[in-house]
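There are 2 protein chains.
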Amino acid sequence: MARYVQHAPIILASRSPRRKALLQQAGLTFSVVFSSDEESADSRLDPAAYVRFLAEKKAEGVAIRYPESWVIGADTIVVNDGKILEKPVSKDAAETMLRTLSGKTHSVFTGYAICNAASKRSVSDAVQTGVTFKPLTDPEIAWYASTPEPYDKAGAYAIQGLGTFLVKRINGSYTCVVGLPVCEVMDFLIKEKIIEMAADTPWTPPTPQSSIN
Amino acid sequence: MARYVQHAPIILASRSPRRKALLQQAGLTFSVVFSSDEESADSRLDPAAYVRFLAEKKAEGVAIRYPESWVIGADTIVVNDGKILEKPVSKDAAETMLRTLSGKTHSVFTGYAICNAASKRSVSDAVQTGVTFKPLTDPEIAWYASTPEPYDKAGAYAIQGLGTFLVKRINGSYTCVVGLPVCEVMDFLIKEKIIEMAADTPWTPPTPQSSIN
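Going down the list, the sequences are from chains A and B.
Quick note: the first sequence uses the numbering used here, first residue 1, plus one each step.
Quick note: the second sequence uses the numbering used here, first residue 214, plus one each step.
Excised from the complex, chain A in its bound form (with noise of 0.2 Å):
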């Protein structure tokens, strides 16, 4: 698996194994650890605002005891005509979202924070992606909710698992949608050199030499 130089630690506040699947596969190096702690927003804030919110708590809560280290939070809601839907309590509730976000469009909303106690410096965003479902007939909702897979999950669906029959389309960030987005995250990382892309570090290239003009 091709690495990163690292120049810091890189610590992900998040207890989604979805989150940790995305950065592994990025290629990242970094620890998991999260606080017991729930955080709360304002609920009137906007999506985005509210998000980014609460992706700052998360982070920050864990960048104080770890003043060294790189943290990311992040949080994800779906929105479904203006209306927050959080992870389904029963299958009755599993089924009544998936039915609402039936043949329409939806937004998923990942707010995120970056930050470094040490150094006080820190970044956080919120990104928005569509989410066009197909529509649903009656035994793919209740088959789909008689799946575990519904039920730690915002909207009641995994657009990365059993889940991806239900997707025809999105238009903006697909790690969005997963729950952390990857391009926004490494191009911060990237920039304020926590970690380094360098060719010639001991990985197997297709070719012998490579080089960096």
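List time: in silico DSBU-like cross-link candidates among lysine-lysine, alpha-carbon distance up to 35 Å: (1) B/K300 - A/K20; (2) B/K347 - A/K191; (3) A/K193 - B/K317; (4) A/K134 - B/K381; (5) B/K233 - A/K104.
Derived, one-sided and incomplete: chain B residues facing chain A with beta-carbon distance under 8 Å: (6) G240; (7) G374; (8) T377; (9) F378; (10) I383; (11) Y387.
Hint data in this document are derived by calculation from the structure and do not stem from the laboratory.
Glycine residues also receive a C-beta, built at the ideal position from the N, C-alpha and C atoms.
Following the hints, complete the assembly by docking chain B onto the known chain A.
Same frame as chain A, now just chain B:
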């Protein structure tokens, strides 16, 4: 892993590990059979017709040998400024491709075909997705080209691997970019009753009872 009730054998006629992973993640049970013949299409066809033709040829070549099976074929190309980008043949070719894609939006076309020789039933179509790269620096291009990832992929990148950092947004089907439009393929398999979504199959549901109304 949740499964569907399947009423006929399904074959994926592709050597692509990415297509195999997409169908596995969607919960499908299938075999992989591919012909070693290299199919070719008239390069004067438009991109959608081109990939659709090749997908049909790949599926048909396997379907005649397994007439009872439903055979899925697919072909993916990357088109930038009206020019088809193939798999890069060298590090220089990969770097040149990545440089032409940097900071711009290109199109990925995936054709798919599903056919059954015994019933003479079939479907084929093509899906197009716009993919927008972030502006890439020379070190980013040199680093990515020094990994093994670009070399077996049209357009010299993988949206789902280390290359996740390249892609800022997409407009269309994500799985089309990976190599097989899962929503469309599953939709056909469900409508043709090749697979059946029955909520009473013996997986572990989150609540004890389930029903289809």
